[in-house]
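Single-letter residue listing:
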Amino acid sequence: MRSTSYKIALIGNPNSGKSSLFNQLTGLRQKTGNFPGVTVDKKSGIMRFASIPEAVAVPTEPEITTDRPPSPVTPSEAILIDLPGIYSIYPKSRDEQVVMDILANPRHPDYPDAVIVVADASNLQRNLLLFTEIADLGLPTVLALNMLDVADSMNLRVNAVQLAMQLHVPVVKINARTGEGTELLRDAVQRASTISLPQSAYFMDPSEEHEALIEETKKAFGLENNYLAMQYVCQHEAFTFLDPSQRTQLDNLVASHGFDKTDFLAYETITRYERLRPLVQKAVTIVGESDQPAWTRRLDKILLHPFWGYVAFLGVLLVIFQAVFAWAQYPMDWLDLATAQAIEWTKNTLPAGVLNDLLTDGLMAGIGGVIIFIPQIAFLFGLVGLLEESGYMARVMVIMDKLMRKFGLNGRSVVPLISGVACAVPAIMTTRSINNAYERLLTILVTPLMSCSARLPIYTILIALVVPDETVLGVLNLQGLVLLGLYLLGLVGALASAWLFSLFIPRREPSYFILEMPTYKLPRWSHLGIMMFDSVKSFVLEAGKIIIAISIVLWVLASYGPGDSMEQASEQALSSLTENVSPEAREATVASARLESSYAGHFGRFIEPAIRPLGYDWKIGIALITSFAAREVFVGTMSTIYSIGGDASEDAVTIRQRLQKERNPRTGGPMYTPAVSFSLLMFYVFAMMCMSTLAVVYRETHGWKWPLVQLFYTMGLAYLSAWITYQLLS
Amino acid sequence: MLAVRNVADLKKGESAVIKSFSDRAMSLKLLEMGCLPGCEVRLDAVAPFGDPICVRVGGCYCLSLRRNEAASIVVE
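Heads up: the protein sequence lines correspond to chains A and B, in order. Last residue of the first sequence: number 730 in the UniProt record's numbering, and the count goes up by one each step with no gaps. Last residue of the second sequence: number 76 in the UniProt record's numbering, and the count goes up by one each step with no gaps.
Since the hints were made in silico from the structure, they are not lab data. A few of these clues could be false.
Sample of chain B residues facing chain A (criterion: CB under 10 Å; computed from the structure) [to be verified]:
no.: 1; residue: 15
no.: 2; residue: 17
no.: 3; residue: 21
no.: 4; residue: 25
no.: 5; residue: 31
no.: 6; residue: 44
no.: 7; residue: 45
no.: 8; residue: 46
no.: 9; residue: 60
We treat Cβ as the ideally placed atom computed from N, Cα and C, and that holds for glycine.
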């Protein structure tokens, strides 16, 4: 019988291998969503159990009475929920608050039936601190001992049986990277659902010191567990499930007992460690000198070096950009060509007419504009993921912290800024790990200036139009170098803006930076693969929807005009032509006249005076307007606009060729001169044209103030720099 | 020795034993991350421009923190 209502939470320290284990247990049966009521990303997935015959699984001994009735049937699968990595159940950042918001509230939809705590065996004492806290909350817990290979290389031997006996919970040795031991873990978790053990003694009972306060809290809120009652006392400010009167009630309890939270927390942590120490000493045998693996120390000597550290970091960035530009170009060219051929084939195969035009010029051109991003998004997310997985990202934070502080940011801001190169939306969501609200806000404000992958197609096409494909200094591709320059410009813009904002926004709390440095690890390729697949999937589904919708709307706007103005325009265009004009030229003139008198043409004409100083015409104006929702629409719009009426010329199949052929009606020369192209590039480096980013900033800052500030300063910056560029180059 | 020494005073490669903390709020974070009184710390690496620093705690893992934060860890 299926009972997927059975929930298991996955908890562990950062860097304990929690997400690898999550991937091992769920594979591709994952989904990303939000925890209800808060904006923290939730990853959950289906975890299957081996089928065990009912007769074996149901316990034969009389049931032990507990708070929690054991589930009547053996579940065959469960929903595994990945909770943010934490060092203790006392949150240090907004992201971490969600853990106790769930674990302290049995009515929460994600409240688990059992918990898997993942512990890094190479640092057992500290990892068990979190375990004892979870166990003291009275949740059925299974301990998964991970990274035994690292412990081994540090001359530590861990005795899991000894540990299980002392902690009174099932302990399973696993290797989250290879999947070793995960079958045993599944069995242990499944068993935890049917055999419910009585709450063993508290590891640390808060009523040892605060009996009266605990008793009153338990009575007032109908609680049974002493440690849970203590969490109500300590963390009620952050619990979303309490109403204001309940919070006041707890405030009063705290005041009447003269309870000092900081004192208690220090006492609690030290007591837990004191009780853990003899236990860990029994379970762990030290067989030699223990130190971090030698290769981690050797690598750190180079990567944290005052000079070579930066050289290495710059090298890594250069490799990323050259790789994304050079390697991703091949699959992108294939996709571009495949789209063009699919459109041509459909056009010629299906009967001609409005439906054919809508399908090919509207829908298929729009889809083509979406799928062309796939290689670059996969590459960027893959490479950023590689840096995180290997442990190098923590080193980057360290070498960048002092520099970032000068601009009012934090070493942790590096991750959002680098992820911003892929997409500002997930990047802004990663700012939640910055525990200082002020530094977090600055990071959010400037992250969209980092050139995201949606700008890449614009950069790619415009650079290819005006920068020769040459090799300089032997190995570097000139187009790649210009691309790197645009990215650096975005970075400089981001840092300068952060510094300017830091002059105007007052800082409220002191900044801090305490970070664990993980050992270097070889990344798991399957793990990276899942991540790349996920990011591409969410891009295609989320951004794709908008892009395709806008493409269709645009096709309609470009194909129809007010009244019979389009017919009149085409007749006028025909009558103005002399007899000896070729049929192709005749058709092109008519098409361009029709587009100009369409609804889209009217829009473009309307804003033309505002963009004329930047060197743009009304066709670019249409693309600017449509790409206001999402800049990736720019290329899609360009292909839609230039494909209308452009199908007569057989050779102009790709968008780049169409742009090359485009003539400036005033000068007769090419429309896309270096001045216009670079002006457009400058505009897109700075302009914040992305509804999704605005929406996520609104969500993260709880209001319209900051997204609007961000929109106006970036647009101002974009207009100004595009104007200066055009005036200098033309 | 009369002067109170802290982790920020350590020379590269030098070890010391944690005695206490001089900042209450900071001490909670450090305790949770495994910096306990009685634990041995060693200054392992110093980031470019002298800040932040990396210390090895209890011989088993590495923590990176800023100089002013390290200054709140009093050593024997």
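Status of the hints after comparison with the structure:
1. 15: Since the shortest Cβ distance to chain A is 12 Å, the answer is violated.
2. 17: 15 Å, violated
3. 21: 9 Å, holds
4. 25: 7 Å, holds
5. 31: 4 Å, holds
6. 44: 8 Å, holds
7. 45: Holds: closest Cβ of chain A sits about 5 Å from residue 45 of chain B, inside 10 Å.
8. 46: For residue 46 of chain B, the interface hint holds, since the closest Cβ of chain A sits about 8 Å away, which is under 10 Å.
9. 60: Result: holds, 5 Å to nearest chain A Cβ.
When the structure is compared with the earlier hints, violations turn up for hints 1 and 2 and for no others.
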